[in-house]
Amino acid sequence: MAPENNVSDVSNMGTHMTADLTGRSSDSAQPPRWAAALLAWIFPPDDAETVGGDLLEEYRDAVLPARGERQADVWFVRQVAGLIWRAPVGWGLVIAAFIAGRFVLDTLAPPASYSQRSFFTTWSSILLYLLAGAWAARRTGRALTGTLVAVCAHVVGWSLSVVVTGAIFVGVIRNDPAMLNLFRETGGWGEQWLLPLMLLPVVLVLGSLGGVAGRSLAKRSRA
Amino acid sequence: MASDLGAFEQAVLLAIVRLRDDAYGRAILKEVKHRLERDVAAGAVHATLGRLEKKGLVRSRLGSGTPIRGGRARRFYGLQPAGQRALNDARAAIDQLWAGLRWPLKTTSATSATWGRI
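So the sequence lines, in the order shown, correspond to chains A and B. Sequential numbering of the first sequence, starting at 0, is according to numbering that gives the first Met the number 0. Sequential numbering of the second sequence, starting at 0, is according to numbering that gives the first Met the number 0.
Just so you know, these hints were derived from the structure itself, not from any lab. Accuracy of the hints is not assured; some may be wrong.
Here are the simulated lysine to any residue pairs, SDA-like style, with alpha carbons at most 20 angstroms apart [stated by the list, open to error]:
#, chain 1, residue 1, chain 2, residue 2
1, B, Lys32, A, Ala65
2, B, Lys29, A, Ala65
3, B, Lys32, A, Asn180
4, B, Lys29, A, Gly81
5, B, Lys29, B, Val16
6, B, Lys32, A, Ala61
7, B, Lys32, A, Pro44
8, B, Lys29, A, Val76
9, B, Lys29, A, Asp26
10, B, Lys29, A, Val73
11, B, Lys105, A, Ala65
12, B, Lys53, A, Pro44
13, B, Lys53, A, Arg85
14, B, Lys32, A, Val73
Computed from a predicted structure; not experimentally measured.
Pulled out of the complex, with its shape left as it was, chain A reads as follows (with noise of 0.2 angstroms):
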């Protein structure tokens, strides 16, 4: 990789005094550096350096002269944000649809008994989000990625799973007596809403034992 500028090195006094004046040139210029590492934990090697490239480049030439400092901060961490949120989002709609099932069918074809149904979702949770550290893992070489995606899947999951259990509530269950009490029996919005945030510990513990086999994978495979 070439070295990048500095401003030390430039020799002409004006352009000198300007960057000192402005703080940073654009060719020296550097974005909030959390959000390009994030890049590099959540994209495969090749493509880490490649969009990153590219939005340091949009960044310096165009965004920071346009908009200032601040402004182009927030711009290149929402560039990045956009992209990274790509890569949880499959397993994020798997684990809404996990979530909201569960939900939907507690609440339209209760069990006489939660324990079978339980052991079910509960183990093949348990599984979805270790899948999901390895496939995100095996896929930059980092077992950090499979922690992250794992984390961000759920959350993603846990919000689109509000938004559908919220409007199946308000559409089906709050004008039923029956339901409404049956709602409030299995645990009401504890078990809905509170419930999959208190398990983000555990998500991240499954997403990292996952990260680190995927992790394995990769240096098999690249072996």
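Based on these hints, arrange chain B on the given structure of chain A.
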């Protein structure tokens, strides 16, 4: 033949056609923004490029970096024969739909009489 290309996919493919040997990620993004006359997210362009490559409509290769991007490599894209056919089909489909109609459309007296003034 009906085209399978979405409007944004066409915009990205046509940007690659226009840019020729200079069709790398950021240049494509800039060209698409210019042609669509609106802000476009980098994620949308990169996701579309990935999808087009999976469909076999474009192919990519790594190229050299430049100082403004910290020396980071660029990924250049080129149109494949299937991509050219898809673009031609898309244009043919639009022409078929517009056959016999003049662009831009204008409100006719018959339309005004039926639906009232817009």
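>> Name the hints, by number, that the structure is in violation of.
In response: Numbers 3, 7 and 11 - these are the hints that the structure violates, sorted from lowest upward.
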